[in-house]
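Novice: These are the residues of each chain, in order.
Protein chains: 2
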Amino acid sequence: MHSNTSNHSNTAFFTKNTFQESYQEKILTGDRPTGQLHLGHFVGSLQQRVVLQESHQQTILIADLQGLTDNGHNPHKVSTNILNVLADYLAVGIDPSKTTISLQSAIPALSELTMYYSNLVSVARLQRNPTVKNEIATKSFGLSIPAGFLTYPISQAADITAFNGTLVPVGDDQLPMIEQTNEIVRKLNRIAKEDILLECRPLLSHVPRLPSTDGKSKMSKSLGNCILLDASEKDISQAVKSMYTDPNHLKVDDPGRVEGNVVFTYLEAFCSDVAYVETLKSQYRRGGLGDGAIKKILEDCLQEVIKPIRERRHLFASDKAQLIDIIREGSDKSQTEASAVLHRVKHAFGLTLF
Amino acid sequence: MHSNTSNHSNTAFFTKNTFQESYQEKILTGDRPTGQLHLGHFVGSLQQRVVLQESHQQTILIADLQGLTDNGHNPHKVSTNILNVLADYLAVGIDPSKTTISLQSAIPALSELTMYYSNLVSVARLQRNPTVKNEIATKSFGLSIPAGFLTYPISQAADITAFNGTLVPVGDDQLPMIEQTNEIVRKLNRIAKEDILLECRPLLSHVPRLPSTDGKSKMSKSLGNCILLDASEKDISQAVKSMYTDPNHLKVDDPGRVEGNVVFTYLEAFCSDVAYVETLKSQYRRGGLGDGAIKKILEDCLQEVIKPIRERRHLFASDKAQLIDIIREGSDKSQTEASAVLHRVKHAFGLTLF
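For the record, the sequence lines run as chains A and B.
Numbering of the first sequence is given in the numbering used here, commencing with residue 1 and proceeding in unit increments.
Numbering of the second sequence is given in the numbering used here, commencing with residue 1001 and proceeding in unit increments.
Looking at chain A on its own, in the form it has when it is part of the complex (with noise of 0.2 Å):
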């Protein structure tokens, strides 16, 4: 996961680049405050930022304006989740003194930063983007598709290129947020005449998503087929109860699949004896491996990856000041870098009179 630095051996980058020193690789991720985290984001991105925060510089984003873009008129779905997603990044290990946690909206450099960026970004763009194509789809806008949704991938270059993110942790589905963000940064570099904004790269996952706890829909704390991190023991033994498993395997001595059974998947992801769960595999597909053994297996294994995270998350959530004092002095660190960047960019515009 190491970042690749070849870009930083590019003479003519650094020749024309006005503030190399202060450059490093850096990372640019966050999350929309729409709800509290859960096992789905442990697995897919927040061990990841646990690691990457020892060797990079890394901004997490709450993402609270890109939240508004599709619950405009439920703001309450937002608003309420931002100190929730703080605590559960808190619980699980990220350290403010290491990444930098800061709020969206706290941020008037962004906005500023989108406004300059829409003049360059056609709608036709927009609306050729496949991952917001795909978004709109699934939503149930109609034909009243919010401006602010489909112009979000503007906003979100606003966010990658204030930081100076190199290295932006992405899904697939998620390239061409990176490839409208470098477009951008193309263009203005060529109203500035000169590298003023870094263009980024995706940093890939390459851990498949874990599934909802009834195997088919997307995890949702509606829908109770997800396993939040400050889940209870009740919760976390009623949802591997619950959990889908191979419909065929009905005796314990009838041979069962691994395959699309959500227990050996997040066997697989959570407990850590690799050769044990190979073990048990093996002797799922033989049969005489009850489904009632391998979810006590994973519960027990459950309980023990969920109990320190929501131990620690109830400390955290329990102070509240302490809370709102790490976002916002995260959210000041962020708007000082993000400022300096918005002036070179409205200074490529001609807009620093004063």
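To be clear, the hints were calculated from the coordinates, so they are not data collected in a lab.
Backbone N, C-alpha and C fix where the C-beta goes; we use that ideal spot for every residue, glycine too.
Check before you lean on any hint, since a few could be wrong.
Said to hold, decoys possible - Each computed DSS-like pair below joins lysine-lysine, with the alpha-carbon atoms no more than 27 Å apart:
| hint | chain 1 | residue 1 | chain 2 | residue 2 |
| --- | --- | --- | --- | --- |
| 1 | B | 1193 | A | 77 |
| 2 | B | 1187 | A | 139 |
| 3 | A | 187 | B | 1077 |
| 4 | A | 133 | B | 1133 |
| 5 | A | 333 | B | 1193 |
Stated by the list, open to error - Sample of chain A residues at the chain B side, in silico, Cβ under 8 Å:
| hint | residue |
| --- | --- |
| 6 | 112 |
| 7 | 215 |
| 8 | 217 |
As the list claims (entries may be wrong) - Residues of chain B placed beyond 10 Å of chain A at every Cβ, according to the derived structure:
| hint | residue |
| --- | --- |
| 9 | 1069 |
| 10 | 1138 |
| 11 | 1147 |
| 12 | 1170 |
| 13 | 1171 |
| 14 | 1205 |
| 15 | 1260 |
| 16 | 1268 |
| 17 | 1296 |
| 18 | 1314 |
| 19 | 1344 |
Put chain B on the given structure of chain A with help from the hints.
Specialist: Structure of chain B alone, referenced to chain A:
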């Protein structure tokens, strides 16, 4: 032109409103700084502003960000004209001690408000906006309409509401902008469950649009068919000499047409002696008044109107530091005002954690 204050007596409004004490009818107006101002602006808006500043709170926004929405790749056109437009304002008598003159790009709260409002306006609604539709039709965007251009009515709503603007001087063609703003205001107030934003109404100008000197195209410095506010004596003389009159009025004794005759339109607009202009019109219609003669009368009149403006303009333009001080002070004041409105909007969305 005095404001209709009937809104103020709406008890329900006052009961729910938290900022009535600081409230006064307020005008928001402005210009895109894409060129020096000319006599068309003088007649169409500047004279009115000089009058209104005596009776109203007035904010004039130099809308550089809006100027970029169709000049993103040619920002020089915008940036070089900010101080030109400011000098034009001062030259005609707009007084920064009475009118707040501010620069859009220097007021971050405007960009922030635009982001929030973007979530409440659909793309389809923007595409239906008649003003935007007309403008798109007359510009050479092709299929590449910049996102910032399509969404500029949202940014304009931010401008108006940020200063509690309740009275917006517009031409007929701009009425859809007022409507769009009030739609956003109502949506926001519904989310906030109180009237945190004020609806605005148009202050319709009844002054007919001043024609260009060629009587055909829109006024444009590059076409040389307009008279700038700093036109030299020679510029004025040449402009009047080239003015479109009645093409069938070939000899002095021929009867001439006054309608569509640019010289007479200008005489009506700039000669304060209305009776004298009426006498000239009768004489021209009858025959016996040559184009040379009426042009000489108009030229004398314009020389007299423009001389003091030109002199004041040169004075202001020669002190760049003073210009910057004026626009900086106005912008700072505007940012303070806009921040208060932004705070209410963020509060409505639940985003005032700190």
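Novice: Now tell me, hint by hint, if it's right for this structure.
Specialist: For each hint, the structure was consulted:
1. Taken as a hint, the residue 1193 of chain B and residue 77 of chain A pair is honoured in the structure, with Cα atoms around 17 Å apart against an allowance of 27 Å.
2. For a cut-off of 27 Å, the pair hint linking residue 1187 of chain B to residue 139 of chain A stands: about 21 Å separates their Cα positions.
3. For a cut-off of 27 Å, the pair hint linking residue 187 of chain A to residue 1077 of chain B stands: about 18 Å separates their Cα positions.
4. Between residue 133 of chain A and residue 1133 of chain B the alpha-carbon distance is near 24 Å, which keeps this suggested pair within the 27 Å criterion.
5. For the hint pairing residue 333 of chain A with residue 1193 of chain B, the CA-to-CA distance comes to about 34 Å; that exceeds 27 Å, so the pair is violated.
6. Interface hint status for residue 112 of chain A: upheld, as the beta-carbon distance to the closest one in chain B is roughly 4 Å, under 8 Å.
7. For residue 215 of chain A, the interface hint is violated, since its Cβ never comes within 8 Å of a Cβ in chain B; the closest pair sits about 34 Å apart.
8. Look at residue 217 of chain A: its Cβ only gets to about 26 Å from chain B, farther than 8 Å, so that hint breaks.
9. Non-interface status of residue 1069 of chain B relative to chain A is broken: a Cβ of that chain comes within 10 Å, the nearest being about 6 Å off.
10. Every Cβ of chain A is farther than 10 Å from the Cβ of residue 1138 of chain B; the closest lies at roughly 17 Å, confirming the non-interface assignment.
11. Not every Cβ of chain A is farther than 10 Å from the Cβ of residue 1147 of chain B; the closest lies at roughly 5 Å, contradicting the non-interface assignment.
12. With a least beta-carbon separation of about 22 Å from chain A, residue 1170 of chain B lies farther than 10 Å from that chain, consistent with its non-interface assignment.
13. Annotated as non-interface, residue 1171 of chain B keeps its C-beta farther than 10 Å from every C-beta of chain A; the closest such distance is 24 Å.
14. With a least beta-carbon separation of about 29 Å from chain A, residue 1205 of chain B lies farther than 10 Å from that chain, consistent with its non-interface assignment.
15. Listed as a non-interface residue, residue 1260 of chain B keeps its Cβ farther than 10 Å from every Cβ of chain A; the least gap is roughly 38 Å.
16. The Cβ of residue 1268 of chain B lies farther than 10 Å from every Cβ of chain A, with a closest approach of about 38 Å, so its non-interface assignment holds.
17. The Cβ of residue 1296 of chain B lies farther than 10 Å from every Cβ of chain A, with a closest approach of about 42 Å, so its non-interface assignment holds.
18. Every C-beta of chain A lies more than 10 Å from that of residue 1314 of chain B, the closest at about 20 Å, which supports listing it as non-interface.
19. Here residue 1344 of chain B stays apart from chain A, with its beta-carbon at least about 14 Å from theirs, past the 10 Å limit.
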